[in-house]
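Based on the hints, put chains D, U and C in the right spot on chain Y.
Protein chains in written order, with numbering that gives the first Met the number 0: chain Y, 0 to 123; chain D, 0 to 123; chain U, 0 to 123; chain C, 0 to 123.
Chain copies aren't distinguished; within one or between two, either way the pair holds.
Only pairs whose alpha carbons sit at most 16 Å apart, straight line, appear in this in silico EDC-like list of lysine to aspartate or glutamate:
id: 1; residue 1: 106; residue 2: 76
id: 2; residue 1: 93; residue 2: 21
id: 3; residue 1: 93; residue 2: 76
id: 4; residue 1: 110; residue 2: 80
id: 5; residue 1: 93; residue 2: 9
id: 6; residue 1: 93; residue 2: 72
If you're looking for bench data, these hints aren't it; they were derived computationally from the structure.
4 protein chains.
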Amino acid sequence: MDTQNEPTDDQTTVAELRGLVEDFVAERDWSCYHSPKNLAMSIAMEAAELMEHFQWIDTEESSALADDPERREAAGEELADVVGYCFAMAGALKLDLSQTVRDKMRKNHLKYPAEKYRGRPSYD
Amino acid sequence: MDTQNEPTDDQTTVAELRGLVEDFVAERDWSCYHSPKNLAMSIAMEAAELMEHFQWIDTEESSALADDPERREAAGEELADVVGYCFAMAGALKLDLSQTVRDKMRKNHLKYPAEKYRGRPSYD
Amino acid sequence: MDTQNEPTDDQTTVAELRGLVEDFVAERDWSCYHSPKNLAMSIAMEAAELMEHFQWIDTEESSALADDPERREAAGEELADVVGYCFAMAGALKLDLSQTVRDKMRKNHLKYPAEKYRGRPSYD
Amino acid sequence: MDTQNEPTDDQTTVAELRGLVEDFVAERDWSCYHSPKNLAMSIAMEAAELMEHFQWIDTEESSALADDPERREAAGEELADVVGYCFAMAGALKLDLSQTVRDKMRKNHLKYPAEKYRGRPSYD
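The following block holds chain Y by itself, in its conformation from the complex (with noise of 0.2 Å):
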């Protein structure tokens, strides 16, 4: 792919990129088939086959993968895949995901406060 000329996460807002996938489903008519249910299960399904590409290798290989440009691009397409449907669900629930992402991140900073949280993982 010759990506060098498109706009980045930086050049580019939520709704430009949630656009893409909104244009993709109403050119089909596919919202029909968008219920918020079967979007859950859709996100579900594209999370299986995003860990597909690190099922049987070790946590330690699975950060060497980010080097390897042919099998991250591949996890990459599946990161798509999951983040499209995030955004149909976000469009079939009426919600603004960067509202909605800021509203999670201040419970989140309230849950886990960093001098108590500093290293150890979410689940302690």
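Coordinates of chains D, U and C only, in the frame set by chain Y:
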């Protein structure tokens, strides 16, 4: 939550939203836990928590949930968790998410021509 | 498939069924890949493949699928994959599955008293 | 838990174990919720809860967990939930699980010849 004065999706770049998650993780020194393998599991786990909101209702009722502010916000929190881990995964894989999504959507356009797939779910 | 003369669920012990999977794994020296972490991912991935069969249909149509031999068999194959990895997990955790299931069902009886939960889904 | 005197995997038929779950569901009139679509989601959700026990540890540490009675029992409970919903799915699809697993294992033997796949994970 009072999100009325917060930047919306058309006022927020993908990089800004990713930055919220990156700062949160950095402040807690959690990057050592965030191997792609662990993050893929985390995305799938949060996707499952999102599914919980739709487990026993049918597709129609799940669509109506968008008009119930309380349940919509509860589902939105889980959606935010999925998206947050997707951002962490993009970071771990050193991927620009906008370019990754654009690239995948281009492939989807080739794979699912609108005239052929209009009104038919993608699995046909 | 011709399964007419094969032992059925009331003619097969859990140990016999587990043995089929254990032998298969042993013959391929795959036990080194079968850490509980990897198996947990594998169970989730196969569960997602099972969901694929029900992704875009509503609950009612999914029930009707039981009367369509071909689709039922296709879904059954994915179910077998989930169960197979569950057996492998029981082995990796050195668990007797019958005792584990009996024990959990006892807890479920305490957690969900029949008179209180009759006709109401478990999440209420 | 005291499971010393309980029937073990070689003393329990698959039908007996399935019966425990079927009785539990029947006593609560929950079969109306147990469409294959809902059960597929439920299996995936319980699989995610099982993953939680292994989210932040590496594969090696996850193997060691089998020797920690408390954590092993906790993971076992989630495994029992996955298996319980698999039994419910077999019921909803009117499938004999033993025949379904035997049939799939036969296909796996053809798909993954031992001499070719020995010591190599299945995805190669």
